[in-house]
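Using the hints provided, position chain B relative to the given structure of chain A.
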Amino acid sequence: MSESSAPTTGLPPAAVDPAVAEEQDRKWTPAKIIIWAVIALVGGIAWAILAISRGETINAIWFVFAAVCTYLIAYRFYSKYIERKITRPDDTRATPAEYNDNGRDYMPTDRRVLFGHHFAAIAGAGPLVGPVLAAQMGYLPGTVWIIVGVVLAGAVQDYLVMFFSMRRGGRSLGQMAREELGIIGGTAALLATLTIMIIIVAILALVVVNALGESAWGVYSVALTIPIALFMGVYLRFIRPGRIMEVSLIGFALLMFAIISGRWVAESAWGAELFHLDRTTIAWAIIIYGFVAAVLPVWLLLAPRDYLSTFMKIGVIVLLALAIIVVRPEISVPAFSEFAGREDGPVVPGSLFPFLFVTIACGALSGFHALISSGTTPKLVEKEKQTRFLGYGGMLMESFVAIMALVAAISIDRGIYFAMNSSAAVTQGTVEGAVAFVNSLGLAGVNLTPDALTGLAANVGEESVVSRTGGAPTLAVGIATIMNQWFGGPAMMGFWYHFAIMFEALFILTAVDAGTRVARFMLQDTIGNFIPKFKDTSWRPGAWLCTAIMVAGWGYILILGVTDPLGGINTFFPLFGIANQLLAAIALAVVMAIVAKRGTFKHLWVVVLPLAFAAVVTITASLFKIFSPVPAVGYWAQHNAFRQALADGQTSFGTAKSVEAMEAVVRNTFVQGTLSVLFMVLTIIVIAMAVTATVKSYRTRGMPENEDPRVESRIYAPAGLIATPAEKELEARWKSLPAERQPVRARH
Amino acid sequence: MATRTLHGLASAGRNILWFLRGVLGEDAYQHYLAHHARVHPHAEPLSERAFWKDKMDWEDRNPQGRCC
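Those protein sequences? They're chains A and B, same order as listed. Going by the working numbering, 460 is the number at position 460 of the first sequence; the sequence numbering is gapless. Going by the working numbering, 48 is the number at position 48 of the second sequence; the sequence numbering is gapless.
Here chain A stands alone, though its shape is the one from the complex:
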């Protein structure tokens, strides 16, 4: 029955002859030399301008050139080096998509389509938010970390996890951890993954709540996505099954209507009354929504919203890239701001090292990707060699999204940036308070006026832009500023602002639903080890109970964040980054153990370098959060200061103006501090297990691998985006086979 048992004789080879490929790869024709010299030169100039320029302004186009040229060079040379020395893909070997093809989750898929698929699964609101918050340190630290980080860490992680998962039949990161690191390492990795999912969902939800709080327009248009999705679901189920494109276009049109009509609703008395909600109410609405969405059948809400989200993701990213190239905004933010060398930044506290590297996680190194790169995508990969394009290339693309978000954030006035991103605890949430606070920071060239804030708020159709923390509103203002220069002018700013808020909310809500659902299945699987009944995922009580546990977990942290007297985002966001980098450290630790098992010690540094960096960053950041005596940085220092104040009978302390607020700080810092300790302990356990496994492999010069047995491949497709001459020739040979001998692959 298995196709692999069928003879391969008479078929063209399933791989380009290695000698021919090698020759074409290594041969430097004059045209090739000129192209790469130009890329290197443009990239070098762009970096020099970014690094050295201390003029009044700098043009945003240099960010694009520096990023794109670096990506091209890294992709062509570094990822190729990794391919040659570490992964060593073999196209004569069938991928799980070929030998396990079930026409469902295992299915050879065209590399270009799969790239889009994989990218839509890894990229969401994360790369849009982190760079915005990190912009308080100036543009250079964030830019360097996003670009260098992705080349040496993020893309390496995604690529290697994808490759090794593919060699293991598409096994998940958790399963690989258990296999490679043993029961202790595997359990620690599972526990870490579950906790991290809770934290990530909670903080993403917090970003949405902050973007929608006291915004009738935003609440109305985002709320409307629910009936739109329900309509799409019903349409696909009962009216025209399978017409996904068609219904997505209808959904998109309805979405545009939701944004445009939001202005009319927000300006009407009844609309303002109905949709003007405070943050706590919105948080509860999201919690209830999260539970309902996770127990409803997928076809009704989750799947249609995912279509809409994917559609928007691709559209918005193309649009934003074009807008930045067309408008080329002038940036007046300094390379290093006043806060680069201090630890009291109002947006996210902490010194540049390590907090820059946890504030920007997605876009440079995101552990969460390891969950997509293992399990989902590897089951669809057609040929082994394509994993470089999909894994490494896909992550480069996400990094580019992060760079665009950074450009959008720094293209707005710095005074406005700080007024929007400083917590209400310091700005009092008023225009006067924000002006006084921002001007008291002593930032060079910043002189914020009340008119600037009220004028911007009026332009984007919001009541106020003061203390709209979380990154999403700032990015939306940045996008609106760039887009309205392209078309529409200031009259369109409100539309663009809410368009940006809408797609961020859409990405985040999709991540919230899907995250809750995936976490519920993981929890059921875990509990099922003790109570077998829980393994049955169609058993309603178990499903509802596990969903409720997961929702309660992130909902609790969300409510703490929303009601935090110290601000919320500034105290909770570091946990998001630490959790994400911790997952990256776990994924890289698993990869290190696998590479060591294969006996590739000479090039192990490719994995050890990002692993060591992620480990140092996560552990240092956790240590700061646990032991720093500076209350803004150290959770326990803050905790003890507030406890002491309460014990002394004080009724107001710092920005907490009542005993209840002080008690809230004591409680929140306890939760945050405990999570920091938990994260650090789990990281250390996993890394220790991986180092033990690596040393063991070194002593024995490699160990037997857990790869699936080799199966001969009987299909062929090129490796990268553009086929090389040798690949084209081989592709043509396969195409010229008579129809009945053609291999069946997903040709679309």
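What the hints contain is simulated information worked out from the structure, not anything from laboratory work. Idealized CB from N, CA, C, for every residue including glycine. Mixed in with the good hints there might be a few duds.
Claimed, not checked - With a cut-off of at most 20 Å between alpha-carbon atoms, the simulated EDC-like pairs for lysine to aspartate or glutamate come out as follows:
{"no.": "1", "chain 1": "B", "residue 1": "Lys53", "chain 2": "A", "residue 2": "Asp105"}
{"no.": "2", "chain 1": "A", "residue 1": "Lys597", "chain 2": "A", "residue 2": "Glu707"}
{"no.": "3", "chain 1": "A", "residue 1": "Lys535", "chain 2": "B", "residue 2": "Glu59"}
{"no.": "4", "chain 1": "A", "residue 1": "Lys728", "chain 2": "A", "residue 2": "Asp17"}
{"no.": "5", "chain 1": "A", "residue 1": "Lys535", "chain 2": "B", "residue 2": "Asp57"}
{"no.": "6", "chain 1": "A", "residue 1": "Lys80", "chain 2": "A", "residue 2": "Glu22"}
{"no.": "7", "chain 1": "A", "residue 1": "Lys85", "chain 2": "A", "residue 2": "Asp17"}
{"no.": "8", "chain 1": "B", "residue 1": "Lys53", "chain 2": "A", "residue 2": "Glu246"}
{"no.": "9", "chain 1": "A", "residue 1": "Lys535", "chain 2": "B", "residue 2": "Asp60"}
{"no.": "10", "chain 1": "A", "residue 1": "Lys85", "chain 2": "A", "residue 2": "Glu705"}
{"no.": "11", "chain 1": "A", "residue 1": "Lys533", "chain 2": "B", "residue 2": "Asp60"}
{"no.": "12", "chain 1": "B", "residue 1": "Lys53", "chain 2": "B", "residue 2": "Glu26"}
What the hints assert, rightly or not - Sample of chain B residues lacking proximity to chain A, with all beta carbon distances greater than 12 Å (derived):
{"no.": "13", "residue": "Arg4"}
{"no.": "14", "residue": "Thr5"}
{"no.": "15", "residue": "Ser11"}
Claimed, not checked - Partial chain B-side listing against chain A, Cβ under 10 Å, derived:
{"no.": "16", "residue": "Leu17"}
{"no.": "17", "residue": "Leu24"}
{"no.": "18", "residue": "Ala28"}
{"no.": "19", "residue": "Ala34"}
{"no.": "20", "residue": "His36"}
{"no.": "21", "residue": "Trp52"}
{"no.": "22", "residue": "Trp58"}
Using the frame of chain A, we list chain B on its own:
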């Protein structure tokens, strides 16, 4: 010249459509039919409506993660 540009535009449009359809997964039924014809050549495949119903029910049991 004009017709060539027109042809170029039309083919670009077709490629974009093909890409989006693939990424959204609209071609799943065609894949299923091809797969079914190969694996169970003598059995009747599911109707389009039944296939999508089955696919969604399957996704209910096998959730796909979405990243941040």
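Going down the list of hints, with the structure as the test:
{"no.": "1", "hint": "B:Lys53 - A:Asp105", "verdict": "holds (16 Å)"}
{"no.": "2", "hint": "A:Lys597 - A:Glu707", "verdict": "holds (11 Å)"}
{"no.": "3", "hint": "A:Lys535 - B:Glu59", "verdict": "holds (17 Å)"}
{"no.": "4", "hint": "A:Lys728 - A:Asp17", "verdict": "holds (13 Å)"}
{"no.": "5", "hint": "A:Lys535 - B:Asp57", "verdict": "holds (17 Å)"}
{"no.": "6", "hint": "A:Lys80 - A:Glu22", "verdict": "holds (12 Å)"}
{"no.": "7", "hint": "A:Lys85 - A:Asp17", "verdict": "holds (18 Å)"}
{"no.": "8", "hint": "B:Lys53 - A:Glu246", "verdict": "holds (18 Å)"}
{"no.": "9", "hint": "A:Lys535 - B:Asp60", "verdict": "holds (15 Å)"}
{"no.": "10", "hint": "A:Lys85 - A:Glu705", "verdict": "holds (17 Å)"}
{"no.": "11", "hint": "A:Lys533 - B:Asp60", "verdict": "holds (18 Å)"}
{"no.": "12", "hint": "B:Lys53 - B:Glu26", "verdict": "holds (14 Å)"}
{"no.": "13", "hint": "Arg4", "verdict": "holds (22 Å)"}
{"no.": "14", "hint": "Thr5", "verdict": "holds (20 Å)"}
{"no.": "15", "hint": "Ser11", "verdict": "holds (15 Å)"}
{"no.": "16", "hint": "Leu17", "verdict": "holds (8 Å)"}
{"no.": "17", "hint": "Leu24", "verdict": "holds (5 Å)"}
{"no.": "18", "hint": "Ala28", "verdict": "holds (8 Å)"}
{"no.": "19", "hint": "Ala34", "verdict": "holds (6 Å)"}
{"no.": "20", "hint": "His36", "verdict": "holds (7 Å)"}
{"no.": "21", "hint": "Trp52", "verdict": "holds (4 Å)"}
{"no.": "22", "hint": "Trp58", "verdict": "holds (7 Å)"}
In summary, this structure violates none of the numbered hints.
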